[in-house]
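Protein sequences, first through last, are from chains A and B.
My numbering applies: residue -3 is where the first sequence begins, and numbers increase by one.
My numbering applies: residue 8 is where the second sequence begins, and numbers increase by one.
Calculated pairs, SDA-like style, for lysine to any residue (alpha carbon to alpha carbon, straight line, at most 20 Å):
#, chain 1, residue 1, chain 2, residue 2
1, A, K152, B, T87
2, B, K65, A, F53
3, B, K65, A, L282
4, B, K179, B, V149
5, B, K65, A, S336
6, B, K237, B, G293
7, B, K100, B, L169
8, A, K277, B, E64
9, A, K279, B, L71
10, A, K188, A, L379
11, A, K277, A, Q365
In case anyone wonders, no lab produced these hints; they're calculated from the structure.
As the structure is a prediction and not an experimental result, all values here were calculated from the model.
One letter stands for each residue in the lines below.
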Amino acid sequence: MDSTVKVVQGLCKIFVMMVLAIVVVSAAFLSGFGAGLSLAPTRPAPVAAVGEEPPEFAVFWEAWHLIENEFYGELPTMQEATYGAIRGVLMAIGDDGTSFIDPEHAAIMREDITGGFEGIGAVVNMLPNGRLIIVEPLPGRPAAQAGIQQGDLVLKVDDTPIQNMTLIEAISLIRGPAGTTVRLTILRKGVKEPFEVTIVRERIEIEVVESRMLDDDIAYVRLTEFNARATQELKEALRELMAQEPRGLIFDMRSNPGGFLQTSVEVASQFLDGGLVLTEKGKGGLQREYPVEGGGLATEVPLVVLINMGSASASEIVAGAIQDSGRGILVGERTFGKASVQLPHTLSDGSELRVTIARWFTPKGHEIQGIGIIPDIEVEMTLEDLEAGHDPQLERAVEYLLTGK
Amino acid sequence: MRTLVKISIAVALAFSVMTASYAAGYGTHWWLNKDNNPTTEEGDQFTVFWEAWHILEKDFYGQLPTAQQMTYGAIRGVLTTLDDPYTTFVEPKPRQLEKDDLRGSFGGIGAWVSKREDGAIVLKPMEDKPAQRAGIVEGDVVIKVDDQEITPDMPLEDVILLIRGPVGTVVKLTISRAGYLEPLVFEITREKVDTPTVTWRLLEEGQGLGYISISLFTERTNEELETALKELKAQGATRMILDLRNNSGGLLQTAIDVASQFLSDGVVLYEQRRDQEEKSYPVQGGGEATDIPLVVLVNAGTASASEIVAGAIQDSDRGVLIGENTFGKGSVQLVYDLSDQSSLHVTVAQWFTPNRHEITGNGLTPNIVVPLTEEDRAQGKDPQLDRAIAYFNTNR
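This is chain B alone, in the form it adopts within the complex (with noise of 0.2 Å):
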């Protein structure tokens, strides 16, 4: 009944991470604010595009955007006649969220928070969190949140990121709760809530196999992996399975730490950026798991940092790997926080593989090709893994 309960808390968690409008990007560059005034030579260019905005001003029938929401379309217009779908701006509080998650952990009250069909926000406490030492229950309805009124019509993340806020600081909730008249009021302390990223355990076929799985590459991911991998050696793993299907990528430098603790030496990767020589990452050493025998899983939903691991693994003969054709992002981005925190994820470089394999638009190729199809995943069958399993068992 636990371990029920945990799985699908995991599941939840997995949800959340996905729909908080995460962007397979690398790396955060905090953008000093220069001088940003428009050259002269920009501003005589740009002179049409204040005459349409004073004529909309002036003359168009309905209502307007707020300035702030038209200089966002704006930027938003300029990026596509850049032809990059991984040049995006991203508003202020979906950025919040996308922070929160690379960090691997935000301030918050340790519940789910989910929209009902209605529009209500429902709550639902995690195990010895403060939502649920504070006496929050499942079903719970937040009307406010400190003085702020909660309506139908607001988006969830703008809830989300009421409810969340410094580690230390209080939120009150108001609830409305079944069987009550008057609302409840909380008074929550915020304490650090994690969101992990790698899940290991010993499989029960085949002798001394180790499998973990990392969602996606975080600021604590590395640090999770480290604790699997010693854990699992610990219980005896002599072989291990690295599933890195459906991780659409994260940070670039927890990717290198990640392939850093399966390589001994070499390149992780190559970059060039515009007007620049190639730059080498090379693997930093030290790793826990630089000898044990490794295969890879692999799909149409490994992208980005996770197309770097695996390719690294890959290109240095150290692991082989199953499944399906990887996705094939072979682009990196700055994340660059504007003065409004807003921000814009740019593409400054394009990135190789150790033997100098272009992964835009080709991907890696597994070196042995496994299927998952629909009704594989309806009956439960894994049978990617199934051939991982076999691989370590046949020795080929």
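Chain A with its partners taken away, still in its complex shape (with noise of 0.2 Å):
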């Protein structure tokens, strides 16, 4: 008897530690918005047992009371409280890259699992300074349809400012089901005063990986995004390119805002034929190595990696390890600088809690955290090449390759 109830414990146990397994995947699953680099949760959130507050803790419900009993005005719910002392628990603490999702955005980032979502099209991110900044529409996508420009500020969506939030707040609000419209307040260099772009939202499948053969048998090959399908689709990408014998390979990281941890060691395992492709730092000292893995597809090929302001997180991991390994050179302009590894946690009301858990540097022990990647050559894209449609950074790297220097 006791026997079999401790086997039916056992499957429990392990459907909960699946069901969270799936929600943290999608989490970290940003499709063409998404920053940071994750991990896969290793445990479900610990219950707190009632009573056992800090001693410190006690001067909270005295002020919470005092608000519920003598504020004029309209009083939060419980909820609305409860996420908002969770969050000034967060800016007390003040990094940047652990943040807290209420179970309604939460809910939003479970369809990227799917590899695609309901929005407007465009690669976001977060400056040091609050703002979100557009760091490129989605070619054909509703966004770039609409007018967005590459480094627009958008200072409210519908009327919600965003200033301050962070990314993944003001991306779920930016997303909604297709055929809805969403009211972005702009604000561009050049333009005087902020103005309004109203964009109908579309279903965007999203292709990480972007390939082709260019003149002079160069091979170029671009990934936006370190989701779960980037190994797969890099590596067919790969293999077609490296069966017409290039003399070069351009791999473009530019604007790739990260994703999963695991998939940059996949990823720079591609390029790298042995060492290392990051140290990690975690909590008390522990350091841990991740080695190349061994069995890429262009380890030998000349390679140039391009590389700008929006290359974050597991995008400066592969470019990092590339430049210090000495396998190629980058090309471009300075990276974003995150170097900080965060651990998804879903919480029993279904929010996410995402917290800092390490802090990852190059082979060679390199900060890059504010820092960012310098590129060996240092090539600038101005409005006026993107709006002539021109890429010197990608001349730049074809010259490269062409004359080795």
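Hey, can you piece these two chains together into the complex? The hints should help.
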């Protein structure tokens, strides 16, 4: 009798772990909007016993009951107050990678597991000053069609100001069911007053790899995100390109905001034949090395990697590993500078807490948090270039592969 | 020479009051520590907070703040959901300074305390106060207060609080002074140090024209104002200018006291609380200056308690407002001290002028609008005061 009960409990546990794993994979999969570096979860949220509050916390309830009894104005619900309190704690911690996402927004992110989402089709990122910037409107997608441009700052979504929101919160507001509209208030360089743009959302299927042969037998492959499918898509593209025996390969990670840590190791391993991809330093000085996996498809061909300010997190891992090993050279602009690793937790009410659990360093031990990676050859890309359809960074990469300098 | 020094001290004082993170709230209320455990329902809904807290404690990479700082963060986070800029949380140390400011006096040594660029804490004694009498000179650097070492990274506010203390107690300062190899030790008995908020004088332009400026509404302001009015009248003042420019407010009771110096009857303000009947605060009677012709100077920095006084004078036609539109803060805060000496300023009411003007977002519009430009300020001109003088001379 006893043993039967145990078996049943064991099964339940496994089931719970599986559900959590699915939820978290979806949360980390940001489909063209995302940033960050995520790990799969290791444990469900601990359940707090009632009455186990630290003594310092007593003033919280004093304050809350004062508000409840005395405040002149509309009171928040207990749920809003609770979420406010969590966000306040995160503010006190002051780590930009650690964030809280309410159940509604966490649920929206779950659609990403399908490899697509419903939104406006733009890559965005949060600047250190708390402003949301359009890194790239995806060609042919609603944002681009409505005239949104690279470098635009988004001030409001519908009527909600988004300054100082987390990236994910801002994204959640921009997204919504296909066919509905969203109104963005845009601040654009050279335009004095902010203006509004109304965009009809549509279903955006994400293909994260794009590849082709350029002139002079040079192969080009671009990776836009490190999602769960990225390694597979990249391998297929490299197989096709390498079959044509190119004289050089350009790997484009511009505006790639990151994704899974494990995927970054797999991607870097396509280009390197040994050594380390990164070193992770966790709590209590715990250090973990991630070696190259071996069996890479493009470990010999001359290599140039394109990067820019939108290359963040997992992109910076790959770029850093290639630069440190001398395997290839980096062309473009300084990268974003995000070197923290987050572990997403699903809380009991479906909200999500992403916690910075580690920092990573390049194989040579370089710190890139807040600094970024500096390319070997710096080439700017101006708005005029963009408007004229020029890509001086790509041109410089081709020139390097043809001339060796 | 002497006048100049006094003025510079007055300026420095104004700064010290402003930088002590003074929030324009009124009224103090002592929060009796009732049963402050969460109800079962609150506790249930709050479960996710503790889930998040424990995850952070377990997994967060980097140094977590103390449980106290995380608690304060949680309180501030809840306050952001109220969407009211005046409901604020004040930590114990700034709260202590704020209390001193509102009291209008504190126990101290009578010296200006400032932080040099290199982080050193430097003293400048006031005339005839304990610090000067004990031998402190300008430029002395504080190394220790009692047995507490002073380090360059210590916030100024912390050092000020160490030096202040109850009247009659002794503080031991260890001082480094230029030209001395060894540190000097001074034992100084703290005295009551006043922070005046009212300045007054008889203006030279125009006959019998008195000028009174109030910078803040503290517990001592009404007493100071009474002295000012009596002295000005004794000196022959027959008309009065009350300057409330850049006065950010203070205590509600003081605003009523101050308004009552100028009004003979009627209402000073109406207050509306949650789930309560409107309450009126009548003029107290027995004012010192209820008949004398009056002009009140206001500007965008005239807020809160100042707007109560200006609004009551304007609505009763007791005087004329000259200057710029006022700030527009029509809410009342109570300050509750929490069990760990931190405090919560809670918006508990909305107030209205006697004619029921809503102040929030509108402010008061002066009867005679006179701007003061950056240029005026740079040239030391004061067209608003000039207009007030002209008003009395021309009667319009």
